[in-house]
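Top to bottom, those sequences are chains A and B.
Everything in the first sequence is counted per the working numbering, starting at 1 for the first residue and increasing by one.
Everything in the second sequence is counted per the working numbering, starting at 1 for the first residue and increasing by one.
Derived from the structure by calculation, the hints contain no laboratory data.
There may be inaccurate statements among the hints.
Where chains are identical, the list cannot tell them apart; a pair therefore holds if satisfied intra-copy or between any two copies.
[Said to hold, decoys possible] DMTMM-like, lysine to aspartate or glutamate: derived pairs with alpha carbons at most 25 Å apart:
no. : residue 1 : residue 2
1   : Lys62     : Glu38
2   : Lys283    : Asp68
3   : Lys47     : Glu27
4   : Lys150    : Asp34
5   : Lys31     : Asp224
6   : Lys171    : Glu27
7   : Lys147    : Asp127
8   : Lys31     : Glu51
9   : Lys47     : Glu26
10  : Lys31     : Asp266
11  : Lys205    : Asp231
12  : Lys47     : Glu35
13  : Lys150    : Asp224
14  : Lys62     : Asp176
15  : Lys278    : Glu17
16  : Lys132    : Glu17
17  : Lys95     : Glu27
18  : Lys95     : Glu35
19  : Lys95     : Asp68
20  : Lys44     : Glu26
21  : Lys145    : Glu123
22  : Lys89     : Glu2
23  : Lys47     : Asp127
24  : Lys31     : Glu2
25  : Lys260    : Asp121
26  : Lys132    : Glu51
27  : Lys132    : Glu170
28  : Lys132    : Asp231
2 protein chains.
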Amino acid sequence: MEIFLDCLPCMLRQVLESTRMISASEELQQKVIDECIEILSNYKSYKTAPELCRQMHRIVNKMTGVADPYRHIKETNISTALRLYPHLKEFWSQKDNSLDMALKIAATGNVLDSAINLGLDIEDCIDDELNKAFAQCDIEQLQQKLKTAKTLLVLGDNAGETVFDCILLEKLSDLDISYGVRSQPIINDATSEDAYASGIGSYAKVLSTGCDAPGVILEECSTDFIELFNDVDIVISKGQGNYEALSNSSRDIFFLLKAKCSVLSDLLTVNINDYIFKYAPSK
Amino acid sequence: MEIFLDCLPCMLRQVLESTRMISASEELQQKVIDECIEILSNYKSYKTAPELCRQMHRIVNKMTGVADPYRHIKETNISTALRLYPHLKEFWSQKDNSLDMALKIAATGNVLDSAINLGLDIEDCIDDELNKAFAQCDIEQLQQKLKTAKTLLVLGDNAGETVFDCILLEKLSDLDISYGVRSQPIINDATSEDAYASGIGSYAKVLSTGCDAPGVILEECSTDFIELFNDVDIVISKGQGNYEALSNSSRDIFFLLKAKCSVLSDLLTVNINDYIFKYAPSK
């Protein structure tokens with residue numbers, strides 16, 4: 001997926017937010033913004049939004065001297081999600097532990113950070129989101145593949161959301177499951193540490209993709225990961241960043257996400273905030 | 001008021017939105033964004049946000065060849081507001097035609113564009129907003145000044161909102177009232193044409209400030225306007241843009257606005273979306 005113009009102001013806003021998590025110094029914030037505008041002016045030299053986004057966040061890390069500005073937020077999100085976990089299991093059980101609902105729960109995890117940020121009542125907010133149906137759900141294609149599949153690779157998205165994924169992994173536990181995470185901290189995306197803290201280790205082999213962008217850029221991934229990615233029977237890719245990086249992939253992928261901005265909702269011809277489980281055949 | 005870093009991504013987003021109102025050409029949108037990032041990289045050479053904002057919108061005008069991209073939106077907002085006018089008068093009459101409510105109605109006009117954009121039910125939405133009390137209301141200072149005042153200058157904000165202002169002007173009709181507007185179209189701000197189309201001419205002398213920024217930058221205003229501004233007994237300045245340009249003014253001003261972003265709400269120590277009628281003594 002190319003870089004959309006709408007992403008540029010959004011990224012600039014995000015690096016400012018990220019810098020403020022670390023420092024109240026306006027001088028420092030200004031220095032970060034100045035460098036990031038410089039990077040922004042060269043946006044055409046980046047192939048995907050996650051690559052440009054990473055470069056801008058590297059400036060934040062370099063200039064603040066903090067490698068993981070979202071550490072505290074990720075910890076909060078994971079612990080909130082773990083507190084919600086029995087509630088999610090109960091909800092799932094009321095829905096007959098269906099595959100459809102396991103997918104929906106995994107997609108819903110994506111709203112955790114916004115709900116916390118907005119100071120909303122998490123349980124209420126999550127219930128509202130869980131009860132929203134998918135705008136598009138290619139579950140039949142998944143069920144078809146599950147008839148013969150032996151291996152699954154899930155590409156994780158945010159820390160916290162990872163806890164919600166455990167239900168999907170439990171549902172698909174007949175498969176040999178791998179769970180791919182970022183090689184280094186980037187925004188609030190899950191690393192190995194976050195995945196283990198979320199309990200993913202009980203259901204899947206956690207492995208680094210070898211890439212530290214907020215989206216799996218295959219050319220940057222480790223040889224082991226690329227081999228796995230190409231060989232597994234099913235790939236489920238979570239979140240917008242992974243969609244942006246992998247939407248032109250040569251292998252077939254199931255994309256599971258919430259369309260959180262107009263760029264993605266327009267592209268997927270759904271409404272903003274809709275949930276999607278979309279099968280993309282190999283190109 | 002200085003330029004806040006938060007304003008930079010917000011302005012970039014706005015020029016993209018503005019360009020798209022005129023053209024669906026991605027090539028053109030990209031050219032506008034490229035030039036605007038260039039301007040953004042020099043943000044420190046601008047004294048206030050309205051000046052930087054104007055410069056970026058001039059790029060939109062130049063590159064699209066359209067002098068007033070918001071023409072259609074302004075017309076829609078004015079006609080919607082005129083349709084609402086009897087409803088506003090009825091609401092005001094139920095509140096005993098009070099000065100407090102006339103101020104509140106004038107401030108509430110500011111939500112018209114967002115309500116229309118979000119496709120909300122305008123009447124419902126406006127009623128909800130009308131019923132919100134001011135978070136800060138320095139009405140006593142105004143009442144004090146009204147005991148002796150003979151002249152009033154209102155500095156207008158958006159087109160459409162202008163219709164809501166008529167009620168305040170009617171309430172203060174014992175005064176000799178002037179209503180200042182932008183000299184040229186800029187975003188959805190009111191020009192003379194918009195003010196007359198809104199009915200302002202029945203209550204006040206409509207005059208151009210001589211400045212075409214989305215905020216009254218005094219140094220750029222006409223001699224006549226500056227003289228009036230300095231000589232009138234009371235100035236009521238509407239909206240964020242005028243606050244940004246005039247918050248350090250040497251004369252006393254009543255600022256009437258809704259804090260629509262965190263920059264303004266933090267600065268005014270209110271919550272986002274709060275309404276404020278704030279008296280700023282001369283500096």
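Hints, one by one, checked against the model:
In this assembly of identical chains, Lys62 and Glu38 lie within 25 Å of each other by CA distance both inside one copy and across copies; the values are 15 Å within and 24 Å between. Within a single copy, Lys283 and Asp68 get their C-alpha atoms no closer than 36 Å, and across copies no closer than 44 Å, so neither meets the 25 Å cut-off. In the homo-oligomer, the alpha carbons of Lys47 and Glu27 lie at most 25 Å apart only across protomers (17 Å), although the nearest pairing inside one protomer, at 31 Å, exceeds that limit. In the homo-oligomer, the alpha carbons of Lys150 and Asp34 never lie at most 25 Å apart, since the shortest distance is 50 Å inside one protomer and 49 Å across protomers.
Taking CA atoms no more than 25 Å apart as the test, Lys31 paired with Asp224 passes in neither setting, with 39 Å inside one copy and 41 Å between copies. For the homomeric pair Lys171 and Glu27, neither the shortest alpha-carbon distance inside one copy (50 Å) nor that between copies (46 Å) is at most 25 Å. When the C-alpha separation of Lys147 and Asp127 is checked against a cutoff of 25 Å, the pair qualifies neither within a copy, at 31 Å, nor between copies, at 56 Å. For the homomeric pair Lys31 and Glu51, the shortest alpha-carbon distances inside one copy (21 Å) and between copies (21 Å) are both at most 25 Å.
In the homo-oligomer, the alpha carbons of Lys47 and Glu26 lie at most 25 Å apart only across protomers (17 Å), although the nearest pairing inside one protomer, at 31 Å, exceeds that limit. In this homomeric assembly, Lys31 and Asp266 come within 25 Å of each other (Cα to Cα) only across copies, at 22 Å, whereas the closest approach inside a single copy is 34 Å. Proximity of Lys205 and Asp231 under a CA criterion of 25 Å is satisfied intra-copy only: 15 Å inside one chain copy versus 76 Å between copies. In this homomeric assembly, Lys47 and Glu35 come within 25 Å of each other (Cα to Cα) both inside a single copy, at 20 Å, and across copies, at 20 Å.
When the C-alpha separation of Lys150 and Asp224 is checked against a cutoff of 25 Å, the pair qualifies only within one copy, where the shortest distance is 18 Å, while the shortest distance between copies is 81 Å. In this assembly of identical chains, Lys62 and Asp176 lie within 25 Å of each other by CA distance neither inside one copy nor across copies; the values are 39 Å within and 59 Å between. For the homomeric pair Lys278 and Glu17, neither the shortest alpha-carbon distance inside one copy (31 Å) nor that between copies (29 Å) is at most 25 Å. Taking CA atoms no more than 25 Å apart as the test, Lys132 paired with Glu17 passes in neither setting, with 29 Å inside one copy and 29 Å between copies.
Neither within a single protomer nor between protomers do Lys95 and Glu27 lie at most 25 Å apart by alpha-carbon distance, with minima of 52 Å and 48 Å respectively. In this assembly of identical chains, Lys95 and Glu35 lie within 25 Å of each other by CA distance neither inside one copy nor across copies; the values are 50 Å within and 53 Å between. Taking the shortest alpha-carbon separations for Lys95 and Asp68, neither the intra-copy value of 38 Å nor the inter-copy value of 54 Å comes in at or below 25 Å. Taking the shortest Cα distances, Lys44 and Glu26 sit within 25 Å of each other only across copies (14 Å), while inside one copy they are farther apart (29 Å).
For a Cα distance limit of 25 Å, the shortest separation of Lys145 from Glu123 qualifies neither inside one copy, at 34 Å, nor across copies, at 51 Å. For the homomeric pair Lys89 and Glu2, neither the shortest alpha-carbon distance inside one copy (38 Å) nor that between copies (51 Å) is at most 25 Å. For the homomeric pair Lys47 and Asp127, neither the shortest alpha-carbon distance inside one copy (37 Å) nor that between copies (47 Å) is at most 25 Å. Taking the shortest Cα distances, Lys31 and Glu2 sit within 25 Å of each other only across copies (16 Å), while inside one copy they are farther apart (28 Å).
Taking the closest pair of Cα atoms, Lys260 and Asp121 come within 25 Å of each other both inside a single copy (20 Å) and across two copies (24 Å). Neither within a single protomer nor between protomers do Lys132 and Glu51 lie at most 25 Å apart by alpha-carbon distance, with minima of 32 Å and 44 Å respectively. For the homomeric pair Lys132 and Glu170, the shortest alpha-carbon distance inside one copy (22 Å) is at most 25 Å, but the shortest distance between copies (48 Å) is not. For a Cα distance limit of 25 Å, the shortest separation of Lys132 from Asp231 qualifies neither inside one copy, at 34 Å, nor across copies, at 59 Å.
In summary, the numbered hints that this structure violates are 2, 4, 5, 6, 7, 14, 15, 16, 17, 18, 19, 21, 22, 23, 26 and 28.
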